[in-house]
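Trainee: Heads up: the protein sequence lines correspond to chains A and B, in order.
All residue numbers for the first sequence refer to the numbering used here, where the first residue is 1 and numbers rise by one.
All residue numbers for the second sequence refer to the numbering used here, where the first residue is 1 and numbers rise by one.
These are calculated hints, taken from the structure and not from any lab test.
Model, not experiment: these values are computed from the prediction.
Don't take each hint at face value.
Dumping the calculated DSS-like pairs for lysine-lysine here, alpha-carbon to alpha-carbon at most 25 Å [unchecked claim]:
no.	chain 1	residue 1	chain 2	residue 2
1	B	K204	A	K65
2	B	K17	A	K97
3	A	K107	B	K11
4	B	K71	B	K47
5	A	K43	B	K136
6	B	K192	B	K252
7	B	K71	B	K82
8	A	K65	B	K11
9	A	K107	A	K56
10	B	K136	B	K184
11	B	K211	B	K136
12	B	K252	A	K113
13	B	K248	A	K107
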Amino acid sequence: MKILNFEFDLVHQNPYASLYYNEEFQLAICKADQDYIPIAHFKSTFLFVSEMIKTKPIKHFAFDKRNLRTFHQPSMEWYFAVWKPEVKTEGLIHHYKILPSEPWFAKSVQAGKHEIFQKYGEDIVEGITITYVNTLEDVLETIQKTN
Amino acid sequence: MNIDLDIEYYKEQLQAKEDMLARTTNYLIETQNDLEEKNKKISELYKDTLDSIDVAQHIQESLLPDVNILKSYFKNAAYFIKQKALVGGDTIFIKNNNEGVQFGLLDATGHGIPAAMLSISCTLLLRELSSSVELKDPKSLLNLLDYQLEKAFDIDNKLSVAQAEGIILGYCSKDNTLNYCSAKGKGFLVSKSGEIVELASIKKSLGDLNKVKLYNISIDLEEVQKLIIYSDGLTDQFGGENDTRFTKKRFKNLITEHFDKDAETFANIIAQEYQTWRDDTAQTDDISFIIIDF
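Chain A on its own, in the form it takes in the complex (with noise of 0.2 Å):
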């Protein structure tokens, strides 16, 4: 996949989900290919980044969410409440979400998130940087800004 003109690798694919990489950017893009994705195989995907970033710097994650039409609240938790922290410890602090253009989907999302920071404190996030961007390449150039 080629993203303003960087080459991203395909370094993992399931019927749902695909995960990118390019090393340079320190930046793994996991891309949404269906309209939901089941729990075992988000939990795939995601496990397979905290694998890679025991060998591969991993700095930025950007979760391209624009295919979905549905998001699973236990899958959502699971990656606040485990992954997130998880690959913080490893270095993985600076996340990108491309939604939906769909309102209600946001308006779900922020539901979900919610439900989340009541359960487990807002504090959850914290040592995380979460940007919401529209597109990929709004990805990099704020990679690119930031560096």
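Dock chain B against chain A, hints included.
Mentor: Below, chain B alone, put in the same frame as chain A:
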């Protein structure tokens, strides 16, 4: 992908969709209830604030003087005052004694509640201080006011912006003399032939004189037909076709056109012209003016 896996996939997705819809609906209801509660509190606070300002307006208006005092000394007189936000920094002062009358106009810094507090303080201070000052010496009255403002509002410690600009006049009926003193106060004398002369003033405000000396000026009443003193809220008002200021020039043109009208009629004309100029534009500042016919 086999059929069993497909069924599992759609079952999980359907469950997730139902769960997402229920969670989002609950969240939106919760948010709406929260907003309604906050809106209720804001409405209550707004009503309390408006009620307080309403009372404050009555207090400030109750301090306005009776124009008939001026009418008893001059051929005719009128004044007009319209604060920007129900209460404000403009005030009219009139006080008479056995020998004549002191009168004037002050425009305290800013507008709204802080300006109103300052304006009320100025009014009460003027009432108190005026009895110790001779009619022919308005300079001393403004000097005392300046001193009191600095002292009362602790300007040296830079905690206060207690300043006011204005003009005070003293009319002595025994010898028919009129003296004035102005600290950034604005006004015009209009002769019987319609010539307009601007009243002189120092360029510093009361509360900020900082050793700048005030001075009395005597007005020769022989040729004077009208005296007009005003606050800059009138000339600074935005409006008209191009949303520009009313300007002093437009005010002088208005005077030239209507100076032969009596004070009350002329005051109504100015108020109407001001309103026409302003139209739907927000009031820029507090406005006030006094007109005296000789």
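Trainee: Tell me if the straight-line CA distance from B:K136 to B:K184 falls inside 25 Å.
Mentor: At roughly 20 Å apart (the allowed maximum being 25 Å), B:K184 and B:K136 satisfy the hint.
Trainee: Next pair to validate is A:K65 with B:K11; report whether the Cα-Cα distance is within 25 Å.
Mentor: holds, 21 Å
Trainee: CA of B:K204 to CA of A:K65, is that 25 Å or under?
Mentor: violated, 65 Å
Trainee: If you draw a straight line from the CA of B:K71 to the CA of B:K47, is it 25 Å or shorter?
Mentor: Violated, because 40 Å separates the two Cα atoms, which is more than 25 Å.
Trainee: Decide if the proposed pair is consistent with the structure: B:K252 and A:K113, CA atoms, cutoff 25 Å inclusive.
Mentor: With Cα atoms ~65 Å apart, B:K252 and A:K113 exceed 25 Å; violated.
Trainee: Holds or violated: are the alpha carbons of B:K192 and B:K252 at most 25 Å from each other?
Mentor: Judged against 25 Å, a Cα distance of about 15 Å means the pair holds.
Trainee: Can you confirm whether the C-alpha distance between A:K107 and B:K11 stays at or below 25 Å?
Mentor: holds, 23 Å
Trainee: For a C-alpha distance cap of 25 Å, please report whether A:K43 and B:K136 respect it.
Mentor: Violated, because 92 Å separates the two Cα atoms, which is more than 25 Å.
Trainee: Check whether the Cα positions of B:K248 and A:K107 lie no farther apart than 25 Å.
Mentor: With a Cα-Cα distance of about 55 Å, the restraint between B:K248 and A:K107 is violated, given a limit of 25 Å.
Trainee: Straight-line Cα separation of A:K107 and A:K56 no greater than 25 Å?
Mentor: Given pair A:K107, A:K56 is violated - Cα atoms ~35 Å apart, limit 25 Å.
Trainee: Keeping to a limit of 25 Å between CA atoms, is the pair of B:K71 and B:K82 held or broken?
Mentor: holds, 21 Å
Trainee: Does B:K136 sit within 25 Å of B:K211, going by the straight-line distance between their CA atoms?
Mentor: holds, 22 Å
Violated hints for the displayed structure, listed by number in ascending order: 1, 4, 5, 9, 12, 13.
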